[in-house]
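Colleague: Those protein sequence lines, which keep their order, are chains X and U.
Heads up, our numbering is the position in the first sequence plus 7, with the first residue counted as 1.
Heads up, our numbering is the position in the second sequence plus 166, with the first residue counted as 1.
Calculated from the structure, these hints are not laboratory results.
Everything numeric in this text was worked out from a predicted model, so none of it was measured.
Backbone N, C-alpha and C define an ideal beta-carbon position, used for all residues, glycine too.
Hints may be right or wrong, so weigh each one.
With a Cα cut of at most 25 Å, we get these calculated SDA-like pairs of lysine to any residue [unchecked claim]: (1) X/Lys276 x U/Glu207; (2) X/Lys276 x U/Ala268; (3) X/Lys286 x U/Ala262; (4) X/Lys286 x U/Leu214; (5) X/Lys276 x U/Met195; (6) X/Lys72 x X/Lys133; (7) X/Lys122 x X/Pro161; (8) X/Lys276 x U/Phe257; (9) X/Lys242 x X/Val79; (10) X/Lys321 x U/Ala201; (11) X/Lys286 x U/Ala258; (12) X/Lys286 x U/Ser438.
Okay, the calculated beta carbon distance ranges per label pair [claimed, not checked]: (13) X/Val83 x U/Asp170: 18 to 28 Å; (14) U/Gly191 x X/Leu282: 57 to 67 Å; (15) U/Glu175 x X/Asp96: 51 to 61 Å; (16) X/Glu311 x U/Gly191: 36 to 46 Å.
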Amino acid sequence: MSFLAASLAVAIAQFDEPQERFIDTPIRAVNSYQSAAWNSIVDAVAVLPDSHGKPFGLAVMIDDKGHFVAHVSSLVEEPITAKMSGGLDVRLGRIGFDKETQLVLLGAQNWVTGKRQAVRVAPEVKKGELMVATVNGPVRGQLTSDSRPGIFLPSLRFVPLAEIQLESKDFPVGGGVVFDNSGSLVGILGAILNPMYPETAMATQSVRNDPKQFGPAGLTVAYALGPKILNRIVKGFRTESHKVEHPSVGIFFREGEGPGQIIVDEITKGSPCDLAGVKAGDQIMSANGVPMGNVIDLAAMLFELEPGSELTLKLYRNGEQFEAKMKVGVQKNLS
Amino acid sequence: MNQDHLNDEQMDSLMRQIFGESEAGDLAMLEGVSASVLEQERIVLNNLRSELRGLKEVPECQLSTEHLRNAILNQGSGSKRTAPWTSFWKFAVPVAACAAIASWMMFGPKTMTQTGQPSSGSIAKNSDHVAQPSLETAPSAAEISKDTQEPVASNQEVTPPVVQDEPEPQTKQPVKSNRRPRGNSGRLASNTSTPAVSLQDLASSAVGAITMGFGSAGNATMKAAPSSDNVSDSANRAIESFGGAERESTNTDSNKVVLVGGGSQFDARANSAMEVDKRDVVFGG
Chain X
8 MSFLAASLAV AIAQFDEPQE RFIDTPIRAV NSYQSAAWNS IVDAVAVLPD SHGKPFGLAV
68 MIDDKGHFVA HVSSLVEEPI TAKMSGGLDV RLGRIGFDKE TQLVLLGAQN WVTGKRQAVR
128 VAPEVKKGEL MVATVNGPVR GQLTSDSRPG IFLPSLRFVP LAEIQLESKD FPVGGGVVFD
188 NSGSLVGILG AILNPMYPET AMATQSVRND PKQFGPAGLT VAYALGPKIL NRIVKGFRTE
248 SHKVEHPSVG IFFREGEGPG QIIVDEITKG SPCDLAGVKA GDQIMSANGV PMGNVIDLAA
308 MLFELEPGSE LTLKLYRNGE QFEAKMKVGV QKNLS
Chain U
167 MNQDHLNDEQ MDSLMRQIFG ESEAGDLAML EGVSASVLEQ ERIVLNNLRS ELRGLKEVPE
227 CQLSTEHLRN AILNQGSGSK RTAPWTSFWK FAVPVAACAA IASWMMFGPK TMTQTGQPSS
287 GSIAKNSDHV AQPSLETAPS AAEISKDTQE PVASNQEVTP PVVQDEPEPQ TKQPVKSNRR
347 PRGNSGRLAS NTSTPAVSLQ DLASSAVGAI TMGFGSAGNA TMKAAPSSDN VSDSANRAIE
407 SFGGAEREST NTDSNKVVLV GGGSQFDARA NSAMEVDKRD VVFGG
């Protein structure tokens, strides 16, 4: 624990507020299991500074070649001189970016292979307590769902999100790195639930006479990119091109008027769907033989497809059913 | 090259679509506009529409003479006669309350004045006494969790999909009742004659989704994420479970989708996320 405290003290030496707060408060909130997990991963975490050199965000090392992943919200300026435990300064530069999920791949200059042990990305996340590494140290989190349906703007891409409740309210949690109790990487925080949206969220609630509440003070509801999407991103970042391939068939769809109806809203020109003859207004009945109960079912299935695999959509247009067969493409080809 | 913003005419056109007053040529006017821009505007306008709908101060049933007539026919216009013995209970409760207050005034303050200030021991004893009944009578959170979650878990594992259709009307109901025609209603004019997905299909879909490992939000009995409608409850459970037994959320509002990227919150250094109805969102894939 003393080593951990010393590491954090070095990393956050230039914070305005007293160091005791960052050393004591967050760490005290973490239980013994998580303290052990934190000690196992602290060497793989880099603290990213802002333009004044103050700690601002975090990056986590994904291999022993000096590749780090961070959420774009953790970056203020580049290149970055990040601080790691033991007083190690690392010069990081951006070498990859996944526009869909806003994750950045940073490469370390003059990195000595084997100097530090990278974190392992868990294949899945289990419900229960988690540890979230923030610039202020670890805080406790509780996974409440591993598959919240999420949509990222502006791409409108569906991504299953992990919903985590953090035992902190005012911490800068953006870009926080989520670990399970064994020290495996299970998520990177990208967004927090915004209660200040009266013109949108409250309006939706008012129709249902169901006032929105956000729980007692001291809790933050945050959303993280979970292991499914993280594994895909890390796999892409580790390639020579450092590019992530998200499956795409170039379709935009929304729920129709009737129960369970899925209506094609728009088709991207030149996309697999366009070439297969799918048009706006078509109703989607099934995909690869699986009846689609609602839009989220379809979005989730499309998310799971592998680029290059076959997709058969059963559609309904002007009183007739027909099938559209296509080969799944990748998002980068369509943007 | 897609437009990254809407001009005034296009915005008017989109508003007509959202409010169900689409005119010929409205769809064509929006061609070439970026799908993401269009979607953001749609969300704003849909929420505006929802908010306007929520501004009704007087419920429809009060305005409707038809409903009033039905109410009179069903319930009668005269005041209901009450049984004579009910008047006794009307007075019994206040009398009992007065008696309780009087007894407290007589005996409660005396003990305080006799002892001056209650010792910490007596406070602890009193608090124990107060806390005890709640421990005995109220079911524990674990019991509640067990009661509410076990059937769901068993549904996921062994119950045939037909059983899972039971809550389906609840999730599908808003689609039937409250929705006004969308902007693309003209395009979907034939929808009324199109076959809706049958319960059997939905059941099959549920099985398929489970097989794929998704917590499909479209099937209410499947383990779904907690919605922010009940974040307070979820948060309380989360607090309880920190350092305690692991509990799962039981909220199952399957119509909500988390929209990420609607601005950033600088203090938290994170994007804003908000929950929207899945019927108001376009999905890309």
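Colleague: Is 36 to 46 Å a correct range for the gap between the Cβ atoms of X/Glu311 and U/Gly191?
Modeller: holds, 39 Å
Colleague: Check the following: the C-beta atoms of X/Val83 and U/Asp170 are separated by a distance inside 18 to 28 Å.
Modeller: At roughly 26 Å between Cβ atoms, U/Asp170 and X/Val83 fall inside 18 to 28 Å, so the hint holds.
Colleague: Given the hint that X/Lys242 pairs with X/Val79, does the C-alpha gap stay at or below 25 Å?
Modeller: holds, 18 Å
Colleague: With the threshold set at 25 Å, check whether the alpha-carbon distance from X/Lys72 to X/Lys133 stays at or below it.
Modeller: Since the Cα atoms of X/Lys72 and X/Lys133 sit roughly 29 Å apart, the hinted pair is violated (cutoff 25 Å).
Colleague: Run the distance test for X/Lys286 versus U/Leu214: straight-line Cα separation, threshold 25 Å.
Modeller: Given pair X/Lys286, U/Leu214 is violated - Cα atoms ~29 Å apart, limit 25 Å.
Colleague: Sort out whether U/Met195 lies within 25 Å of X/Lys276, counting only the CA atoms.
Modeller: holds, 18 Å
Colleague: Is X/Lys286 close enough to U/Ala258, meaning Cα to Cα at most 25 Å?
Modeller: Distance ~72 Å between X/Lys286 and U/Ala258 Cα, so the pair is violated.
Colleague: Taking 51 to 61 Å as the hint, is the beta-carbon distance of U/Glu175 and X/Asp96 inside that range?
Modeller: Holds, at about 56 Å.
Colleague: Between the alpha carbons of X/Lys276 and U/Glu207, is the straight-line distance 25 Å or under?
Modeller: holds, 22 Å
Colleague: Is the hinted pair X/Lys276 and U/Phe257 satisfied, with a Cα-Cα distance of at most 25 Å?
Modeller: violated, 77 Å
Colleague: Given the proposed pairing of X/Lys276 with U/Ala268, does the C-alpha separation stay at or below 25 Å?
Modeller: violated, 82 Å
Colleague: Would the pair X/Lys286 and U/Ser438 pass a check requiring their Cα atoms to be no farther apart than 25 Å?
Modeller: violated, 33 Å
In this structure, the hints that do not hold are numbers 2, 3, 4, 6, 7, 8, 11, 12, 14, in rising order.
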